[in-house]
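As you go down the protein sequences, you meet chains A and B in turn. When we follow the numbering used here, the leftmost residue of the first sequence carries the number 10, and every step to the right adds one. When we follow the numbering used here, the leftmost residue of the second sequence carries the number 1040, and every step to the right adds one.
Heads up, some of the hints might be wrong.
[What the hints assert, rightly or not] Cut-off 25 Å, straight-line C-alpha distance, at most; resulting in silico cross-link-like pairs (PhoX-like, lysine-lysine):
(1) K1196(B) / K1182(B)
(2) K91(A) / K136(A)
(3) K345(A) / K235(A)
(4) K345(A) / K1182(B)
(5) K211(A) / K31(A)
(6) K1074(B) / K1056(B)
(7) K1073(B) / K1113(B)
(8) K1416(B) / K1454(B)
(9) K1156(B) / K1113(B)
(10) K136(A) / K1182(B)
(11) K1416(B) / K121(A)
(12) K1196(B) / K1145(B)
(13) K1113(B) / K150(A)
(14) K1113(B) / K1196(B)
(15) K1056(B) / K1238(B)
(16) K121(A) / K1454(B)
(17) K235(A) / K190(A)
(18) K1196(B) / K151(A)
(19) K1074(B) / K1046(B)
(20) K36(A) / K190(A)
(21) K1074(B) / K345(A)
(22) K345(A) / K1113(B)
(23) K150(A) / K91(A)
(24) K1156(B) / K1145(B)
[To be verified] A partial selection of chain A residues facing chain B, derived with a Cβ cut-off under 10 Å:
(25) F96
(26) R118
(27) K121
(28) A223
(29) E226
(30) A232
(31) E335
(32) P342
[Stated by the list, open to error] Computed footprint of chain A on chain B; a stretch qualifies when at least three of its residues, placed anywhere within it, have a C-beta under 8 Å from a C-beta of chain A:
(33) 1125-1135
(34) 1364-1376
(35) 1392-1404
Just so you know, the hints here were simulated from the structure itself, not pulled from any lab data. Note that beta-carbon positions come from the ideal geometry of N, C-alpha and C, so glycine has one too.
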Amino acid sequence: MQVLEQLEVLYNDPYAFARRQKAVGGKVVGITPMHFPEELVYASGALPVIVQESTEPVTAGLAHIFPNFCALSRSNVDAAVKGQLDFLDAIVISDMCLQIRMAFGIVSRRTKIPCIYVWWPPSYDAKRWLPTVLPRLERCKKALEDVVGRKIEERDIRNSIGVYNENRRLLREVYRLRREKPGVLRAREMQALVMASQLMPKEEHTAILRNVLAELEQASAHADGKARMFLSGHLCHRVSPEIVDLIEEAGIAVVGDDLYVGSRYYAAEVPTNGDPMEALAGRYFNPGVPCPTKGGGEGDWGEYLISSALESGAQGVISLLPRFCEPHMFYYPYLKTRLFEAGIPFTFVETEHETASLEGMRSRIQALVETIKEVRE
Amino acid sequence: MEAREVKRLASISQIGKVTDAFYDELRHAPENGKKVAWCGGYPTTFPILRAMDIAYLFEDVYAATAAARHKESKLQQVSADAGYLPEICSYARTTLGAAYFPEAEKAGADPYYLMPKPDFLIYADIGCSMLTSWSDAGRRHFKTPMFAVVTPYVWTKADEQDSIHDLTRQYGELVTFLEDMTHRRLDWDRLRQVMANVKEAITYRIGAMETAGRAVPSPVTFFDWAASIGGVNYAIGTPLGVELFRNINTEVEQRVARKEGALPEERVRLYWEGHMCWPYMRWWGDTLADLGVNIIAAKYTHGHFFHRPDLIDPAKPLESLAANSVTHLSYSIDLLAEEIMRLCRDYSIDAILCHYTRTCRIFPGPFFEVLDTVSRKLGIPGTFFEGDVADASFFAPEQARTRVEALVETVLARKADVAQA
């Protein structure tokens, strides 16, 4: 699909739309993943962009951050010290993980970009934590007003919630069609579509989504003989396009995912009734897809993964774990056990910023495809 | 080379016995009708547990003690067999090894591996989000309730009171959680007495460290301070804890009065930045003594474990616990660098040695920035070596020795230049 090919430029140049915004005098505010309510930035009139992993090798950044930090952390410190984030008018450091907090603590010292820090509790328990979260979000709102030089009105936030909910709804429609018509979208296209939502003006993206949906409605599935797969993990940044290509080249059609640059990003909407700031804060406690940065029994990633994989018609699961991602590493033994008990074939793939060789990964994925074939036969 | 004789504090030797007695009592807690909590992160929840007669396993220190006693590799193998990757915090992997320890291997196993199962889990996160993932893994394994006390990170100094206020609320909620778990009410008078003991013990502890840090030569090595943490973790809030730290303080004061240094010759005074290197503590003690190096202060020992006795008011236990839950790990890099510079100035530090812990991110995260700031503002050099808190496989002794030797040479050359000028 031509429009999606155009969006794939974002893999190598994630801030192309942000530069366009700057060129016409607009403001751009970077946001660290995963759950910050972007609606608040959009309501300020600035373009919200989720900071991304660069495709460049980490070089200058190595003098500032140790190699046992995750790819997203190292990549962003590297980009910052190279001056590649200087176009940002501000960064919202949304603290849900110490690696991101630490990396952007370094960014805040190594650049002149104003940083707005927001702390989040590692819990789903809104009753216990909403009183802590709300004043912090209010302070963030005030700081954003200082960045853009105008007050953020309640109607701005309500409008923003509506725009975002519509975008998420349409993304879920695309997700549904990919499930119903396996192979209709390549994995790298689907990911580029979600990544674009994190990086470009929402209305523009929503218009693209409508066109994509219209084409997909007419398209037919073409996944005969392919193993239907559910991709899981990569909690806060995209999967390398080379890796998703490799997965498909092994004879796989991706029919579902819980990736951050995937369904995790658009799973939950913000309620449109009640106080809009409370609604924005409340979404953190109801993210739609369980997030392993939070503890407690309320959100069980294992349960979710099994039910989502089965619902999508997937015959197997590939767990994509970015090296050094603590929330995912700690969950892995449990996910492995639960998938095994559920009789769902799976494999585990560790990803890195600089992938030395894809061959080991290819063998593992091919082995999974063979297992699925044996189960089918 | 013959290791130079280091004068260890005699009063520290009591801690080994206290440690053994603690684990012995813990192992028998269920049969004595006590509830057992497994606690991660930080010991500020312990006074409440003690006041409610709840036995606890401090997961971090269980792992540290295992590593210091070279019992960690079996436990780490058990957690690896369960699927926990080697890049995970080695404290977590060690304690999860105790959680997953195979029933079939329990007969005849080292008693240290046989900890009673928890009735519930508690963790106190003072800045390390990994603790949520770790405790939640324990919760899934044991299928028990879990409660978190989490310090809102202090990005600017203005956030500090806000964090303490929020933590006070959280400690109140912890009391409710524990009352639900035990079906007993907390005796607040008892908690106030425990807090009075905490304040007295910690006042001695911090006082002893300050006295020793200001003395030249220092009468104590870092390794005694590290060992003394056992007194906090295993005896905090008890009369025994008070006695332990009173004895340490008295011994330090006596040594200072006699101008007695811990090393035969104190040539260089270091600040240790980062976590401990528990499997190699003896090696470090011997190596540094050979070089005439004494570590005078460290973030781990001086910035943690009830580091603010002045903020403990026994009449306000929850507020006191909250105030002591904001530590160096809760601070932004700017605030942390200020704290480290204060210690460097107060204790006449010559250089900084950073321990890049391979499986820990919260401690080494700010190293480069801290070294840069301290070097620019105070002219103090620094270096780092690679190792780990509890996984010996990440440490290469000769590489570490070379790094320290180079740092010592730099410091001595500078001192010589200053003397000549």
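Verification of the supplied hints:
1. K1196(B) / K1182(B): Measuring from Cα to Cα gives roughly 39 Å; hence the hint is violated.
2. K91(A) / K136(A): violated, 43 Å
3. K345(A) / K235(A): holds, 23 Å
4. K345(A) / K1182(B): Given that 25 Å is the threshold and the Cα spacing comes to 17 Å, the pair holds.
5. K211(A) / K31(A): holds, 16 Å
6. K1074(B) / K1056(B): Holds, at roughly 23 Å.
7. K1073(B) / K1113(B): It is violated: about 28 Å lies between the C-alpha atoms, which goes past 25 Å.
8. K1416(B) / K1454(B): holds, 18 Å
9. K1156(B) / K1113(B): holds, 19 Å
10. K136(A) / K1182(B): Given that 25 Å is the threshold and the Cα spacing comes to 23 Å, the pair holds.
11. K1416(B) / K121(A): holds, 20 Å
12. K1196(B) / K1145(B): violated, 50 Å
13. K1113(B) / K150(A): violated, 51 Å
14. K1113(B) / K1196(B): Status violated; Cα separation ~43 Å.
15. K1056(B) / K1238(B): Holds. K1056(B) to K1238(B) sits at ~23 Å (cutoff 25 Å).
16. K121(A) / K1454(B): violated, 37 Å
17. K235(A) / K190(A): holds, 12 Å
18. K1196(B) / K151(A): Given pair K1196(B), K151(A) holds - Cα atoms ~19 Å apart, limit 25 Å.
19. K1074(B) / K1046(B): violated, 41 Å
20. K36(A) / K190(A): violated, 39 Å
21. K1074(B) / K345(A): With a Cα-Cα distance of about 31 Å, the restraint between K1074(B) and K345(A) is violated, given a limit of 25 Å.
22. K345(A) / K1113(B): Distance ~22 Å between K345(A) and K1113(B) Cα, so the pair holds.
23. K150(A) / K91(A): violated, 29 Å
24. K1156(B) / K1145(B): Given pair K1156(B), K1145(B) holds - Cα atoms ~13 Å apart, limit 25 Å.
25. F96: violated, 23 Å
26. R118: holds, 6 Å
27. K121: violated, 15 Å
28. A223: violated, 42 Å
29. E226: violated, 41 Å
30. A232: violated, 31 Å
31. E335: Hint holds; E335(A) Cβ to chain B Cβ min 5 Å, cut 10 Å.
32. P342: holds, 3 Å
33. 1125-1135: holds (count 4)
34. 1364-1376: holds (count 3)
35. 1392-1404: Holds, because 7 residues of the stretch 1392-1404 of chain B bring their Cβ atoms closer than 8 Å to Cβ atoms of chain A.
Checked against the numbered hints above, the structure violates hints 1, 2, 7, 12, 13, 14, 16, 19, 20, 21, 23, 25, 27, 28, 29 and 30; every other hint is satisfied.
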